[in-house]
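Enquirer: Since the structure of chain A is provided, determine the placement of chain B on it from the hints.
The residues making up each chain are set out below.
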Amino acid sequence: DTGVSQDPRHKITKRGQNVTFRCDPISEHNRLYWYRQTLGQGPEFLTYFQNEAQLEKSRLLSDRFSAERPKGSFSTLEIQRTEQGDSAMYLCASGSGGAHNEQFFGPGTRLTVL
Amino acid sequence: RKEVEQDPGPFNVPEGATVAFNCTYSNSASQSFFWYRQDCRKEPKLLMSVYSSGNEDGRFTAQLNRASQYISLLIRDSKLSDSATYLCVVNTGTGRRALTFGSGTRLQVQP
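Here the protein sequences come in this chain order: A and B.
For the first sequence, this note's numbering gives the first residue as 1, with consecutive numbering after it.
For the second sequence, this note's numbering gives the first residue as 1, with consecutive numbering after it.
Here chain A stands alone, though its shape is the one from the complex (with noise of 0.2 Å):
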């Protein structure tokens, strides 16, 4: 499978316990983007990063959580002290740029901060 790919699927945690969730996105890629979602509503975005520099954060992103990307190829979202209110879908996307700049998303990794 040459699309994006995220690890773990799933992922149950107690509050105030400390997540990494993990994105491959497509080889020839080198645009990584973060989003979350919630029920209802659409994606909101995160984070980009262009190689392995972080060029776009969200206000969304509050100080406890991170996100990195350090070779250009995969990449990291930590939520450190999770609240219930992080409960979400967190979507990975991944995208070449180019005039239209599409996304390609991965399965996500769906939260349940207990």
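Everything labelled a hint here was simulated from the structure, so no lab data went into it.
Misleading hints may appear alongside valid ones.
[Unchecked claim] One side only, chain A facing chain B, incomplete, derived with CB under 7 Å: (1) ASN18; (2) GLN41; (3) GLY42; (4) PRO43; (5) PHE45; (6) TYR48; (7) HIS100; (8) ASN101; (9) PHE105; (10) PRO107; (11) GLY108.
[Said to hold, decoys possible] Derived DSSO-like pairs: lysine-lysine, alpha-carbon spacing no greater than 30 Å straight-line: (12) LYS14(A) - LYS42(B); (13) LYS45(B) - LYS11(A); (14) LYS2(B) - LYS57(A); (15) LYS57(A) - LYS42(B).
Ideal Cβ positions, reconstructed from N, Cα and C, are used throughout, including at glycine.
Expert: The following block gives chain B in isolation, referenced to the frame of chain A:
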């Protein structure tokens, strides 16, 4: 006001019907436009980009009206498999790479 607004539906239509969704966006500097399809508890999948001159892909036709800042999607000859949520998506460009999504319009095609 939301940046991208869609009627949430649901739109319940019989097989074979033609159905149209509209979407409005607030940022007149927006440069790229898309429709994504999302099945229940799955990731969004790119259905089609929307070009200024309008474009068609099989049973699907997308139109863009920049003056009125709205985007439309027309589905002809609806199939049961078209049942999903359709997300209107905008990229404002001007250095931003993030996509801004509407909340989606739910379509249910009935036999």
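Enquirer: Holds or violated: is the Cβ of TYR48(A) closer than 7 Å to a Cβ in chain B?
Expert: Check passed: Cβ of TYR48(A) comes within 5 Å of chain B, closer than 7 Å.
Enquirer: Is the shortest C-beta separation between ASN101(A) and chain B less than 7 Å?
Expert: holds (5 Å)
Enquirer: Quick check on PRO43(A) please, does its C-beta sit within 7 Å of some C-beta on chain B?
Expert: Check passed: Cβ of PRO43(A) comes within 5 Å of chain B, closer than 7 Å.
Enquirer: For the hint on ASN18(A), does the least C-beta distance to chain B fall short of 7 Å?
Expert: Violated: closest Cβ of chain B sits about 24 Å from ASN18(A), beyond 7 Å.
Enquirer: Does the closest beta carbon of chain B sit nearer than 7 Å to the beta carbon of HIS100(A)?
Expert: holds (5 Å)
Enquirer: Please check whether GLN41(A) passes as an interface residue: C-beta within 7 Å of a C-beta belonging to chain B.
Expert: Status holds, d = 5 Å.
Enquirer: For the pair supplied as a hint, LYS57(A) and LYS42(B), confirm whether the alpha-carbon distance does not exceed 30 Å.
Expert: Within the cut-off at roughly 24 Å; holds.
Enquirer: Grab the minimum C-beta distance from PRO107(A) to chain B and call the hint holds if it beats 7 Å, violated otherwise.
Expert: Status holds, d = 5 Å.
Enquirer: Can you confirm whether the C-alpha distance between LYS14(A) and LYS42(B) stays at or below 30 Å?
Expert: holds (24 Å)
Enquirer: Regarding the hint that PHE45(A) lies at the interface with chain B, is the smallest CB-CB distance below 7 Å?
Expert: holds (4 Å)
Enquirer: Would the pair LYS45(B) and LYS11(A) pass a check requiring their Cα atoms to be no farther apart than 30 Å?
Expert: holds (23 Å)
Enquirer: Take the C-alpha atoms of LYS2(B) and LYS57(A), compute the straight-line distance between them, and say whether it is at most 30 Å.
Expert: Holds. LYS2(B) to LYS57(A) sits at ~19 Å (cutoff 30 Å).
Hint 1 from the earlier list is the only one contradicted by this structure; the remaining hints agree with it.
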